[in-house]
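Participant: Same order as they appear, the protein sequences are chains L and D. Take 151 as the starting number for the first sequence in my numbering and just add one per residue. Take 47 as the starting number for the second sequence in my numbering and just add one per residue.
Keep in mind the hints are simulated off the structure, nothing from the lab. There's no promise every hint is true.
A short, non-exhaustive set of chain D residues, derived as facing chain L with CB atoms under 8 Å [to be verified]:
#1 A82
#2 L94
#3 P103
#4 R105
#5 L108
#6 N176
#7 P211
Straight-line distance between alpha carbons at most 30 Å, and here's what the computed DSBU-like set of lysine-lysine pairs gives [as the list claims (entries may be wrong)]:
#8 K181(L) x K215(D)
#9 K209(D) x K133(D)
#10 K598(L) x K206(L)
#11 K181(L) x K48(D)
#12 K744(L) x K209(D)
#13 K48(D) x K133(D)
#14 K745(L) x K206(L)
#15 K744(L) x K133(D)
#16 K215(D) x K744(L)
#17 K745(L) x K209(D)
#18 K209(D) x K206(L)
#19 K189(L) x K598(L)
#20 K181(L) x K745(L)
#21 K189(L) x K133(D)
#22 K329(L) x K744(L)
#23 K181(L) x K744(L)
#24 K744(L) x K189(L)
#25 K181(L) x K206(L)
#26 K206(L) x K189(L)
Quick reminder that beta carbons are idealized off the backbone N, C-alpha and C, glycines included.
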Amino acid sequence: MAYSEALPMREDTPEPPPLITVDVENDVRAKLSATWREKSGLWGWLTSTNHKSIAKRYIITALIFFALGGLEAGMIRMQLSRPENRFVGPDLYNQIFTMHGSTMMFLFAVPVMEAVGLYLVPLMVGTRNVAFPRLNALGYWMYLGGGVLLYAAFFMNTGPDAGWFAYVPLSGPQFTPGKRVDVWAQMITFTEIAALIGAVEIITTVFKQRAPGMSLNRIPLFVWAEVITSFMIIFALPAIVISSTMLATDRLIDTHFFNPAEGGDALLWQHLFWFFGHPEVYIIFIPALGMVSSVVETFTQRRIFGYPAMVLSMVSTAFLGFGLWVHHMFATPLPQLGQSFFTAASSAISIPSGVQIFCWIATIWSGRPRFTASFMFVLGFFFLFIIGGLTGVMVASVPYDLQVHDTFFVVAHFHYVLLGGAVFPLWAGFYLWYPKLTGRMLSERLGKWNFWLFFIGMNVTFFPMHILGLMGMPRRVYTYLPEMGWGGLNALASLGAVFIVASGVVFVVNVFRSLSVGAPAGDNPWNAPTLEWATSSPPPSYNHLFIPVVEGRDPLWDAAPGELSVVTGLRTDRHEGLVTSIMDAIPERRYEFKKETILPLLLAVFGGGSIVIAIFSPWGVTIGAIFTFIILACWFWPTISPDSDTPLARRRLP
Amino acid sequence: MKRRAVLDVALLDDHSFSYRAPIWWGNLLMIFIEGAAFALMVVTYYYLRRNFNTWPPERTYLPDMGVSSINVVLQLISVAPMWYAAKLAFAHEPPEEVGRWLMLVVAFGIAAIILRAFELRGLHTRYDSNAYGSITWMILITHLAHLIAGSLETLLIALVMFKGPVERKHYTDTTVMAVYWYFVVGSWVALWLVVFVSVRFI
Numbered sequence: 151m152a153y154s155e156a157l158p159m160r161e162d163t164p165e166p167p168p169l170i171t172v173d174v175e176n177d178v179r180a181k182l183s184a185t186w187r188e189k190s191g192l193w194g195w196l197t198s199t200n201h202k203s204i205a206k207r208y209i210i211t212a213l214i215f216f217a218l219g220g221l222e223a224g225m226i227r228m229q230l231s232r233p234e235n236r237f238v239g240p241d242l243y244n245q246i247f248t249m250h251g252s253t254m255m256f257l258f259a260v261p262v263m264e265a266v267g268l269y270l271v272p273l274m275v276g277t278r279n280v281a282f283p284r285l286n287a288l289g290y291w292m293y294l295g296g297g298v299l300l301y302a303a304f305f306m307n308t309g310p311d312a313g314w315f316a317y318v319p320l321s322g323p324q325f326t327p328g329k330r331v332d333v334w335a336q337m338i339t340f341t342e343i344a345a346l347i348g349a350v351e352i353i354t355t356v357f358k359q360r361a362p363g364m365s366l367n368r369i370p371l372f373v374w375a376e377v378i379t380s381f382m383i384i385f386a387l388p389a390i391v392i393s394s395t396m397l398a399t400d401r402l403i404d405t406h407f408f409n410p411a412e413g414g415d416a417l418l419w420q421h422l423f424w425f426f427g428h429p430e431v432y433i434i435f436i437p438a439l440g441m442v443s444s445v446v447e448t449f450t451q452r453r454i455f456g457y458p459a460m461v462l463s464m465v466s467t468a469f470l471g472f473g474l475w476v477h478h479m480f481a482t483p484l485p486q487l488g489q490s491f492f493t494a495a496s497s498a499i500s501i502p503s504g505v506q507i508f509c510w511i512a513t514i515w516s517g518r519p520r521f522t523a524s525f526m527f528v529l530g531f532f533f534l535f536i537i538g539g540l541t542g543v544m545v546a547s548v549p550y551d552l553q554v555h556d557t558f559f560v561v562a563h564f565h566y567v568l569l570g571g572a573v574f575p576l577w578a579g580f581y582l583w584y585p586k587l588t589g590r591m592l593s594e595r596l597g598k599w600n601f602w603l604f605f606i607g608m609n610v611t612f613f614p615m616h617i618l619g620l621m622g623m624p625r626r627v628y629t630y631l632p633e634m635g636w637g638g639l640n641a642l643a644s645l646g647a648v649f650i651v652a653s654g655v656v657f658v659v660n661v662f663r664s665l666s667v668g669a670p671a672g673d674n675p676w677n678a679p680t681l682e683w684a685t686s687s688p689p690p691s692y693n694h695l696f697i698p699v700v701e702g703r704d705p706l707w708d709a710a711p712g713e714l715s716v717v718t719g720l721r722t723d724r725h726e727g728l729v730t731s732i733m734d735a736i737p738e739r740r741y742e743f744k745k746e747t748i749l750p751l752l753l754a755v756f757g758g759g760s761i762v763i764a765i766f767s768p769w770g771v772t773i774g775a776i777f778t779f780i781i782l783a784c785w786f787w788p789t790i791s792p793d794s795d796t797p798l799a800r801r802r803l804p
Numbered sequence: 047m048k049r050r051a052v053l054d055v056a057l058l059d060d061h062s063f064s065y066r067a068p069i070w071w072g073n074l075l076m077i078f079i080e081g082a083a084f085a086l087m088v089v090t091y092y093y094l095r096r097n098f099n100t101w102p103p104e105r106t107y108l109p110d111m112g113v114s115s116i117n118v119v120l121q122l123i124s125v126a127p128m129w130y131a132a133k134l135a136f137a138h139e140p141p142e143e144v145g146r147w148l149m150l151v152v153a154f155g156i157a158a159i160i161l162r163a164f165e166l167r168g169l170h171t172r173y174d175s176n177a178y179g180s181i182t183w184m185i186l187i188t189h190l191a192h193l194i195a196g197s198l199e200t201l202l203i204a205l206v207m208f209k210g211p212v213e214r215k216h217y218t219d220t221t222v223m224a225v226y227w228y229f230v231v232g233s234w235v236a237l238w239l240v241v242f243v244s245v246r247f248i
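Bound-form chain L, shown alone (with noise of 0.2 Å):
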């Protein structure tokens, strides 16, 4: 079918269809309003399954544990700030920079960037809910469980201790009996479930449900940063769910896949790890460039330049991302030729990353900058960002990277690349969709506040471990003596936390703040482009009273003025959205998203227990693929309603 025979676009037909009145209006939305009605209390809590209710726990799920992880580098500076310092001893020492390491990667970082992605991305792809509303739902709680666990642990002293990558033989049966190592395994296993389950949410989401007229290339860069990030999900996650599952055989059953005493293989564990470890990052990285355009568009009040070259830069960066993991075993014997390799891949990636930098100087360039909190942020990448790159590119060289290998460089490296080019754009992209979650707007003197000390905090503190590196401090040392001459600079990095810390606190001041003192938003405050904008803030729980009609890459600024070309014919009396076609968004079918059930808290909870079990016994696993079956036999199993399908195949077929 010929694009425009499917979608009559406004110059195709020789009367403009009529605009719908405000009487049919009201009539829709009161309809969708009690279609769409979340259950009130804690019932309702506990089943609902709005892609929104969803994500919004799940950012503030994820924002919990940076703060804790937070608290843990605190306590990490406290300890290295003067030599000698007995704040903490060694075994709490090593728990705490393990469970920092595992709360930023684990229930921090990849999670608040998906949750992102679950709020927005079928608000701008312009659909009712994610494509499996279940499912979606599942994954938050498994998502929680995987971080009561931890925390469950480690405040029963059985927090991990051997890294955030927990390095065999160190995390074996051997060097780390006890429970600790098979704790983190455990939280794994939540937590990549997880992000699995985001992701396949995000991909089908986007291939199947957007707006008609958003084909390909129209769709708004953030989603596609997503989409990316979801296929390296997917490719990427399933080596931690082998790798830490050997792991966890290795110490509960007597497997060998570690121990070379057997023929098992440490540096087995340092490839499985690194092949999802290195795209890991991003994973991370990805959606923050995405929230960086959505930023510098809305900032600049102009189409960002590129377009195509940034699609591509950000698929070309997923497909290197898979080739460089073994720049992280540099210190390992390694072929010379391998070596070559992904010293050659590992720079590489800077092509990819150049390109988008300069298509964002080209935006603001030939833009209109309006330097707000959210913009500053974005600044604020660019210059940690870039700096974190340079580094990246000088430990890509062997010789270098032989050099700085475990020491603090190699810190201050990946904290201006994680800080610098994944929270700062985060931060952004705070300040930018506030408003569309809440209804408010954020203060943006405090704003500012909050930038200027993270921005100075950040450089005061790992600025300075670059130089500790080079002075030979090495990671992972809980203290040192007054004459190795590190003291002056990691008091420095200490203070430098401390403005860190104020900037969270006037962050969390102006969140609860502008909840109730804020200025209302409207609909569409900054006068952005993608189809969030064009729904009410917050939106309601059926997202658009109508699904929109794309006519461009940014939306709202190619419609009409004032109007918006809308899909009618949608059923209101249930969950109905629309699937499209995946290459031009071409209406095919109407689809029923499935309603609210506690059916995936459950699971979560059943599921969950058993893979606590397993830390204790192999039994879990058999006891737990039962209680699986039987919640998802119940879960599948149909259910006559009135709602549940057209009239015509309501009946019992035949």
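Using the hints, position chain D against chain L.
Facilitator: Same frame as chain L, now just chain D:
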């Protein structure tokens, strides 16, 4: 903001098959995830090979070809009833008829699960003997989990076909289930070639 109605979708169907159905994509992504996991297990298998002088290790018999060959053939045959059930589902044939063919697939699935026990014995090693035993057991057990999950899901859809209020979306589920079953069988052919055949040549 004024809204202009440019497109009416009231007459669109609410049912579709194949790549037009969201569930088909969800299933495909699931296959990507599990396929990637199997691929990495194969990589691990050959990676660990380098740590041994002989493969299988000394004093370990070659894995038995007999039972495992029967199981491969059995699983390949099970594709036929699954394909036929999917064909009936595409044509919206009576649910009981679809269900009968699905039950035949379940029977094949149960047979394959039982044979897997003999295959494990035929490996002539244990998961805790050495790294060879660990990885071969891991591959067989992980695939066994797929056989069990696939059989149970097929059984569930068959039961819906016999008992449930059947809606047209269950026909889509049947065809998507078929795709998953093809993956379960296809991945076993690859894994069988690795664990039972290639071991004789490397």
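Participant: If a hint holds in the structure, say so; if it does not, say that too.
Facilitator: Hints and how they fare:
1. For A82(D), the interface hint holds, the least distance from its beta-carbon to any beta-carbon of chain L being 4 Å, beneath 8 Å.
2. Here the hint on L94(D) is kept, as its CB sits about 6 Å from the closest CB of chain L, short of 8 Å.
3. Hint status for P103(D) relative to chain L: holds, with the closest Cβ pair at about 7 Å, below 8 Å.
4. Annotation: interface hint on R105(D) violated; nearest CB of chain L at approximately 13 Å, more than 8 Å.
5. Because the closest C-beta pair between L108(D) and chain L is about 17 Å apart, greater than 8 Å, the hint is violated.
6. With a least beta-carbon distance of about 4 Å to chain L, the hint placing N176(D) at the interface is held under the 8 Å criterion.
7. Against a cut-off of 8 Å between C-beta atoms, the interface hint on P211(D) holds, since the closest Cβ of chain L lies about 4 Å away.
8. Of the supplied pair hints, the one linking K181(L) and K215(D) holds, its CA atoms being roughly 25 Å apart against a limit of 30 Å.
9. Taking the CA atoms of K209(D) and K133(D), the gap is about 21 Å. The hint holds against a cut of 30 Å.
10. Distance hint between K598(L) and K206(L) is fulfilled; the C-alpha atoms sit about 24 Å from each other, no more than 30 Å.
11. At most 30 Å may separate the alpha-carbon atoms for a hinted pair to count; K181(L) and K48(D) meet this at roughly 19 Å.
12. A hinted pair counts as satisfied when its Cα atoms are at most 30 Å apart, and K744(L) with K209(D) qualifies at roughly 21 Å.
13. Between the alpha carbons of K48(D) and K133(D) the distance comes to roughly 47 Å, so the proposed pair goes past 30 Å and is violated.
14. The hinted pair formed by K745(L) and K206(L) meets the criterion: a straight-line CA distance of about 18 Å does not exceed 30 Å.
15. The suggested pairing of K744(L) with K133(D) holds, with an alpha-carbon distance near 26 Å, which does not exceed 30 Å.
16. For the given pair, K215(D) sits about 13 Å from K744(L) by alpha-carbon distance, which is consistent with the 30 Å threshold.
17. Distance check on the hinted pair: K745(L) and K209(D) sit about 22 Å apart at the alpha-carbon level, within 30 Å; holds.
18. Distance restraint check for K209(D) and K206(L): the Cα-Cα separation of roughly 39 Å exceeds the 30 Å cut-off, and the hinted pair is therefore not satisfied.
19. For the hint pairing K189(L) with K598(L), the CA-to-CA distance comes to about 39 Å; that exceeds 30 Å, so the pair is violated.
20. Taking the CA atoms of K181(L) and K745(L), the gap is near 16 Å; set against the 30 Å cutoff, the hint holds.
21. Under the criterion of a C-alpha separation no larger than 30 Å, the hint pairing K189(L) with K133(D) is inconsistent with the structure, at around 41 Å.
22. Annotation: proposed proximity of K329(L) to K744(L) is violated, straight-line Cα distance about 39 Å (limit 30 Å).
23. Among the hinted pairs, K181(L) with K744(L) is consistent with the structure: their alpha-carbon atoms are about 18 Å apart, no more than 30 Å.
24. This hinted pair checks out: K744(L) and K189(L) have alpha carbons roughly 15 Å apart, not beyond 30 Å.
25. The suggested pairing of K181(L) with K206(L) holds, with an alpha-carbon distance near 25 Å, which does not exceed 30 Å.
26. This hinted pair checks out: K206(L) and K189(L) have alpha carbons roughly 16 Å apart, not beyond 30 Å.
The earlier numbered hints that this structure contradicts are 4, 5, 13, 18, 19, 21, 22.
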